Amino acid sequence: MSEEPKTPVTMAKALNDGLRKAMEADAKVVIMGEDVGKLGGVFRITDGLQKDFGEHRVIDTPLAESGIIGTAVGLAIRGYRPVCEIQFDGFVFPGFDQIVSQVAKIHTRSAGLVKMPITIRIPFGGGIGAVEHHSESPESYFAHAPGLKIVSCSNPSDAFWMIQQAIASDDPVIFFEPKRRYWAKGAVEDAPTPLHTSRVVRPGSDLTIAAYGPMVTTVLEAASVAADEGHDLEVIDLRTLSPLDMPTILDSVRKTGRLIVVHEAWRNVSISSEIAARVQEKAFYSLEAPILRVTGYDTQYPPSRIEEEWLPNVDRILDAVDHSLSF
Amino acid sequence: MTEHVHAVHPEPDMVQLLTPEGQRVEHPDYPLQITDDEIAALYRDLVLVRRIDTEAIALQRQGELGLWASLLGQEAAQIGAGRALRTQDMAFPSYREHGVAWCRGVDPLVLLGLFRGTNLGGFSPYDHNFNLYTIVIGAQALHATGYAMGVMRDGAVGTGDAERDTAVLAFFGDGASSQGDVNEAFVWSAAGNLPIVFFCQNNQWAISEPVTTQSRVPLYRRAAGFGFPGVRVDGNDVLASLAVTRKALDDARNAQGPMLIEAFTYRMNPHTTSDDPTRYRLADETETWKLKDPIARVKAYLTRQAAVSHDFFDDVERESQALAEHIRVGCRALPNPTPESVFDDVFCDMPDELREQRDEFVAFVGSIEEVTA
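Line by line, the protein sequences are chains H and W. Read left to right, the first sequence gives residues 0 to 326 (numbering that gives the first Met the number 0). Read left to right, the second sequence gives residues 0 to 372 (numbering that gives the first Met the number 0).
Since the hints were derived computationally from the structure, they do not count as laboratory data. Hints should not be assumed to be uniformly reliable.
Which stretches of chain W does chain H cover? Using the computed rule of at least three CB atoms under 8 Å from a CB of chain H, they are [said to hold, decoys possible]:
#, stretch
1, 185-196
2, 301-315
3, 335-346
A short list of chain W residues far from chain H (calculated; beta carbon distances all over 12 Å) [as the list claims (entries may be wrong)]:
#, residue
4, D153
5, T165
6, D180
Only a predicted model underlies this, so the values are computations on that prediction, with no experimental measurement involved. We put the CB at the ideal spot given by N, CA and C, even for glycine.
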């Protein structure tokens, strides 16, 4: 391995590189979705891949999400390893039935005789000034379904490695990409960590904040501000949303005694609901304060002129930190 | 000539090669070279799948099956289509294609697990190139389409090698023709010129809804709008079903693209054993369709026109009895799964959290058994 520091790349580039690696590693990997070919995807994540791997492996599909997922199922039965792109979070729902009724169930239905090694990439989350249906965080719908694995990357290095691990997984993986972080740069590490593990990205002793996807950067900013105020926050990048990596979360909470979970998604029946339930179940006597949540509100995603107020931000996170620490 | 739109075309052209009275007739587009022995073999198939159906209904009535979806009346459509397949072709059924399963060599007992509640399907589609039953209406049309995309990417279309070129046969019904997934499958297959044949058994009823609830035009005519041929075949005529499906599959294997076959037939029984058709259709209608019975016409042909001996019919009857016994005994012997087996195949790689749930469940079930022991 070179000792030279690697050039930072954007998450978009890291994903593109990861997809390329996966396609080189396995000739059965095919990419399919709307505009993923010549255009390279509306976010250019698949840029250049059709040119290099051909139209048979990077497939511009008709404009129908159920069709994208349903035909991926058939390709998987034929022995392929499809990587589906859903163009935006709010457009996944026409494909929801095929995801939860077919992709999630076929391994069980076949008594383990048919694998569904399908990766479904979904750019998700807000903060980009978009119109309706382009800023949502639908991960809880999928985490609720048995048979699906759900992950989200927060930085270019994880993006590069996790997309390859998701594609290599014999289980179906829904891969949530924080679209507002596509252009943030970072160095890609030399080796991956296991896909379904969370990671402490900032060690601390006073309070644990768990987040994923776009919110990890925001939480780290909040932790820096809190440090100036004398509070030593530990930040966990969840990375895996289903299954959850509870040992990492519990170890941290047992150390700090306080937990805040942050996500853009709606609060009701969300990833934070599940984490709060499990932490109180397993670490009740370690808790010094109620588990708090900083999330999107249970409203429709707002018009973009007011999304900055609606989304969890540094101020809202610091407010929750104050509440927890003063309990 | 101007074509007028009717609510439903009254008498559309329908391919028929064997009349309800058992007369062989020809159709210019679908010539069928077939020997009397081959027709006798189709008769055997028809009788045996009807027997499977009869036994399964009886088992449901005896409480051995939770449910059964009867194919009565649709035997010819399914046997004709099923016997048109080559080994390497792949069939995607809904949940009523017991006749197609038979043609593929699937033991009827394999199908019973789903209806007995001992599994959710539980067989490999690769064993006989027959996919798992799919209950969500029309969903399998897209799976078949994706499979056909894979066939094309494998270069198994249009090579001229009869052992290699592969077609996909997707089954669904008149109700499913309204589903988005089926229409998306049409769009996809047409745009990709995929090696797929859509076989729609129009059995006139989607539970209680007549086909006029689903469509203003005959279903086969929808294909034209998607850009591929559609044809209506007498679904109670096994020869017509065989000839048309064989031609469609040949064309698909030869890279001629998709085709829609509407097999015009009738669901003689309730939708499932849970249904009560007296609430929505007249017995008269069923009586009329009885005159078009798919088996009677083949028997009439074999008896009057072919040199088939009485021994043949006796042999088929003996085989039918043996099959019935196999189903009756085998059904009762299907093993109950263990409670914890529900965890086994959720994932290839079971997460620790799920393993913990399983262990918790096993411990709890064990503790109850200790108390009751």
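**OP:** Kindly indicate which numbered hints from before are broken by the structure, ordering the numbers from low to high.
**Re:** Numbers 2, 4, 5 and 6, in rising order.
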